[in-house]
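K.L.:
Okay, here's what each chain looks like letter by letter:
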Amino acid sequence: MITRQVTVRNKAGVHTRPASMIVREAARFDAEFFIRKDGYEINGKSIIGVMTLAAEQGATLDLLFEGEDEEAAADALEALFERGFGEPI
Amino acid sequence: MNDTPTPPDAVRPEIRVEGIGVAPGVAVGPAYLFAAGAYQARPEDMSADDVEAELERFERAVARSERELKKIAVVAHQKLGDNSAGIFDAQKLVLRDSQFYDAVVERVREHGSGAGWAVQTVLAEHRRRLEASPNAALRERAADFLDVQNRVLRNLQQGRAVSRIDPNRVVVAENLTAADILLFSRRGVLGVVLDFGGPTSHVSIMARALGVPAVVSLHGLAEHVQPDDVLVVDGFSGTVIVNPDAETLERAERKAARFDAIAADRDSLRDSPSETGDGHRVGLQANVEFREEFPLLHEYGAEGVGLFRTEMLFLTQGRALDEDQQYEVYRDAVVAAAPHAVTFRLLDLGGDKVLPMSRRESNPFLGWRGLRILLDKPDLLRPQLRAVLRAAAAAPHDAPPKVLLPMVSGIEQVRAFRRTFQAVCADLEAEGLPHRAEVPLGIMVEVPSVALQADLFARNVDFFSIGTNDLTQFTLAVDRGNDLVAGLYRELHPAVLGLVAETVRAAKAVGVPVSVCGEVAADPRVTPLLVGLGVDTLSASPAYLTLVKRVVRAFTMDEAEDLARRALRQPDADAVRRLLEYFLACHNRDLAELLGLDEPDGGLARRIADRMADEPVD
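Sequence order for the protein chains is A and B. Quick note on our numbering: the first sequence kicks off at 1 and runs consecutively. Quick note on our numbering: the second sequence kicks off at 1001 and runs consecutively.
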């Protein structure tokens, strides 16, 4: 089980498009993936879960990974946040 | 204890409900309660076998929804950019999300609930959670869940046993899809009565085109009707009567018979010329949206298509059609209408159909619509224009299709359009594709600025088409869809009539033909007024053309012009309406009675004739 902390960098925050990017990226790995914000935890592989997350620019999130490929998964998701989902920062 | 005997089989009382009549005709018959409704789902009790079948049905509906969303996402990526496309991607992901899919499966298995009900319940929970959020962005996402719900429920409905219905009944439902009404019409249904819907909803348009009397917007009638109750459906007045008493029933059956007689007249009338009593020609064309309506052009004697609402193709498919797909439909239309012409109104889409939900306009009615979208989005305009010009090659030489621009508000838009038009023609020429570049170009007159600048526009286009629906809304500042003010929406308002008169005057000065394609074109009460104002052509849903032609043949041009002059002098819409009803009662008793101006002894007609003789005309 590993944890990475990320900050939401893009202007528009985690709206619907980043949400689907997160879920699709996480689906590439076997590891379980959860996102925690303000004590509220959702399944990062569930679009319904991610869609209930309100994360605006500047928000800090904890990403939790558990599984064989947890390192690779963590790197990939961290990079996604780092890129600001390819949107204006 | 008092043992009062209950009266045997207490007679159910007659109930009269007013809705909106959207398809002409009068039907009398027993009710058929179509309980399924397009997007409703109710819990059902099922056996174990049913459970597996239900789960299979659910999987098929989900798979179909996935395919649809995939296609839409592709188009959205191309036309609207990644943000909008992202929404469809997300909706697609919802379909396979265990919090949706597995949750539904569990409900069907554990609770014996129907798939539709389970879908609705599961998504309602997620929606409620989002709707309760203080965050506006999250609240908006609830709409995405509603979209997914509607899509899956719609796909679940396909293959429902609509074929179970018996003919010669009046269908009562909360709502229907256009596909439902097509099926019902083939099964011999007498009429349709719906809780929801309006005159321009898809199902209303189909009912009109198919000649099935229909009344919509009855808001909860379905609850009060029991199977086999007798219903009277008056598609003219919008009245529905449940369990008519003997007298009402007799009147209704007489009306229905009269309508049938007029409809039967259709064949002989179709071949009679569309001209007034003194030989003045009035063009009668059809408003068309769907392929299914093409055969109706000849059936009802339409002189071509006065308005082809091309956006309906896109809206019913739920996606943009590419150039070739559009070309196929337009070419078929042109061939079906021959030897007459087809007027293609370019996509009259509202921003709500093109923009992602996150960018909803706060005032879409006055917003990014029609030509405004087309000029901003050449990737929508060009393929359509190319498709129309290519289809023009298949038209009769002396009846080329016409191009009609929607929602014009200023001359600069016409000029900008012409530039694109020329570029498209040059492309087609260079590519060597068969096409025709000399096609008439006209504009919708629906924004008051155009009517007020009619002289300028008349010098710059080949024809006018007056969209009285929107012209009325814009001129009177009324949203007819707003229950609070819908009563103020009056096409007969003298101010609106004045703009029509002004438009016609300017057009006639330079020999530009004018047609009216709004709902009033289909209203036989208004026919003499429009003709008297100088309108050259009326374009309406095919099923109305018979009635309109009948009225046209019943008066002379002098009488119509006199009527128009009087109408323009009236202070308000009610006064105009009374004038028109009197005129109709004088000239076409059958129709007057059919339309509810009941005066079997002719007394009303005599009073009118007297009154019209008395009124001075300046």
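It should be emphasised that the hints constitute simulated quantities derived from the structure, not laboratory data. Backbone N, C-alpha and C define an ideal beta-carbon position, used for all residues, glycine too. Treat the hints with care, as some may be off.
Below, computed lysine-lysine pairings styled on DSBU-like, alpha-carbon distance capped at 30 angstroms [stated by the list, open to error]:
id, chain 1, residue 1, chain 2, residue 2
1, B, Lys1508, A, Lys11
2, A, Lys11, A, Lys37
3, B, Lys1070, A, Lys11
4, B, Lys1377, B, Lys1071
5, A, Lys11, B, Lys1071
Residues from chain B shown here face chain A by an in silico Cβ test under 10 angstroms; the list is partial [unchecked claim]:
id, residue
6, Ile1015
7, Phe1100
8, Arg1390
K.L.:
State for each hint whether it applies.
P.N.:
Now for the hints, and whether the structure bears them out:
1. B:Lys1508 to A:Lys11: 57 angstroms, violated
2. A:Lys11 to A:Lys37: Between lysine 11 of chain A and lysine 37 of chain A the Cα gap is close to 18 angstroms, so the pair holds against 30 angstroms.
3. B:Lys1070 to A:Lys11: 27 angstroms, holds
4. B:Lys1377 to B:Lys1071: With a Cα-Cα distance of about 20 angstroms, the restraint between lysine 1377 of chain B and lysine 1071 of chain B holds, given a limit of 30 angstroms.
5. A:Lys11 to B:Lys1071: Holds - the C-alpha atoms of lysine 1071 of chain B and lysine 11 of chain A are around 29 angstroms apart, at most 30 angstroms.
6. Ile1015: 44 angstroms, violated
7. Phe1100: 6 angstroms, holds
8. Arg1390: 36 angstroms, violated
The structure shown violates the earlier hints numbered 1, 6 and 8.
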